[in-house]
Amino acid sequence: MKVAVIGGGAGGFFAAISCRHHHPNAEVVVFEKTNKLLAKVKVSGGGRCNVTHACFSISELSKNYPRGQKFLKKSFSQFSTKDTIDWFEQRNVRLKTEADNRMFPTTDDSQTIIDCLLDEARRLGIVIRKQCQVTEIRKCSSNFQLRVEGELLEYDKLIVGTGGSQKLDAYGWLQDLGHSIVPPVPSLFTFNMPDEPIKSLMGVVVENGVVNIQGTKFKTQGPILVTHWGMSGPAILKLSAFMARELHTKSYDFEVRVNWLGEVNEGELRENISEARVDIRKRKIVNKNPFQLPARLWEFFLEKVNISPETVWGELPGKQLNQLVNVLLNDVYSVRGKTTFKEEFVTCGGVGLQDIDPHTMQSRNCSGLYFTGEVMDIDGVTGGFNFQAAWTTGFIAGKIG
Numbered sequence: 002m003k004v005a006v007i008g009g010g011a012g013g014f015f016a017a018i019s020c021r022h023h024h025p026n027a028e029v030v031v032f033e034k035t036n037k038l039l040a041k042v043k044v045s046g047g048g049r050c051n052v053t054h055a056c057f058s059i060s061e062l063s064k065n066y067p068r069g070q071k072f073l074k075k076s077f078s079q080f081s082t083k084d085t086i087d088w089f090e091q092r093n094v095r096l097k098t099e100a101d102n103r104m105f106p107t108t109d110d111s112q113t114i115i116d117c118l119l120d121e122a123r124r125l126g127i128v129i130r131k132q133c134q135v136t137e138i139r140k141c142s143s144n145f146q147l148r149v150e151g152e153l154l155e156y157d158k159l160i161v162g163t164g165g166s167q168k169l170d171a172y173g174w175l176q177d178l179g180h181s182i183v184p185p186v187p188s189l190f191t192f193n194m195p196d197e198p199i200k201s202l203m204g205v206v207v208e209n210g211v212v213n214i215q216g217t218k219f220k221t222q223g224p225i226l227v228t229h230w231g232m233s234g235p236a237i238l239k240l241s242a243f244m245a246r247e248l249h250t251k252s253y254d255f256e257v258r259v260n261w262l263g264e265v266n267e268g269e270l271r272e273n274i275s276e277a278r279v280d281i282r283k284r285k286i287v288n289k290n291p292f293q294l295p296a297r298l299w300e301f302f303l304e305k306v307n308i309s310p311e312t313v314w315g316e317l318p319g320k321q322l323n324q325l326v327n328v329l330l331n332d333v334y335s336v337r338g339k340t341t342f343k344e345e346f347v348t349c350g351g352v353g354l355q356d357i358d359p360h361t362m363q364s365r366n367c368s369g370l371y372f373t374g375e376v377m378d379i380d381g382v383t384g385g386f387n388f389q390a391a392w393t394t395g396f397i398a399g400k401i402g
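Going letter by letter, the sequence shown gives residues 2 to 402 in the numbering used here.
Just so you know, the hints here were simulated from the structure itself, not pulled from any lab data.
All C-beta atoms, glycine included, are put in the ideal place defined by N, C-alpha and C.
Heads up, none of these hints are tricks.
DEER-style ranges, computed between Cβ atoms: (1) N102 x R365: 31 to 41 Å; (2) D87 x P184: 36 to 46 Å; (3) P310 x E256: 24 to 34 Å; (4) N290 x R95: 39 to 49 Å.
Could you build the full structure based on these sequences and the hints that come with them?
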């Protein structure tokens, strides 16, 4: 059996390795159009490679995929987080779990993961052709014809792991093979706030905030990071992923509402303040922040609602207390644009999942064609979930089942 894998990223490599594992006599070739292999693996996690996430419940794991949740829930039963950990550790790559459950190699170096995948591909005799672009694919009665650098090559099976693209026409050849394409839009991005003074607090982190887009009911919870261009952090990134299409239709011009105290509501907050003021009534409000918020952010809020830092808690007027409560629970900021999260570009869109069998990754419309990774309409939130989807879909596609 001759198998061609298009794309030298995480999903493509894992599919090629899986194919040789399940079919030791198969001839497997990986075609990568650039001169770089596993480029996203290299930059992931700030160069440390966020391999996966320490979430071992399939139902909980699948909830981290704005697109592909139901699809992957069926696929994870074949290869999930524990399988990923075991696979790398069997090849002498140990992973560690950080406080937020992201998992990295103990070396803190993405090259460790790259070397592991390259070594395994070499050991299995997988042929890797860089700077080889597939320019044409023909489906014949029993095989595929690929035009590569002027050559016409024949393969029995085809695995597509070309990743996501911002351009709809990049999927044209897959449309020609009978697949529906969900128009691609960016996912996993940070919020630009060019007119908001809070940018001056760059570096400030609130560990447990809640954010939502005004006019919608969807909200996310987690750490919020103030940057020199606006806001980032897991809560913002998760919101950007789940609301990717809605925010695209708004041309990334919208208002975001922040509850800086997490799930605390107004009744609870007023009760907490009332209890705290008994003990801190003589303390200056600037020096006594009962909410464990960063000092710079607390001072920013006091200035925002015109509370003098010299005011003592026991003399805070009711009107200013109301304003303070409002800014803590319902703080609104204008977003005017987006910025890609680090170098980890993620796409919402791709080959429609109704065209793919989640148990085999085979196309329902083109027999012998399989998919892996972000070329499908699958994307996860930050934290190792996109790589886990690549490992899972690559492993299944490579089974050629």
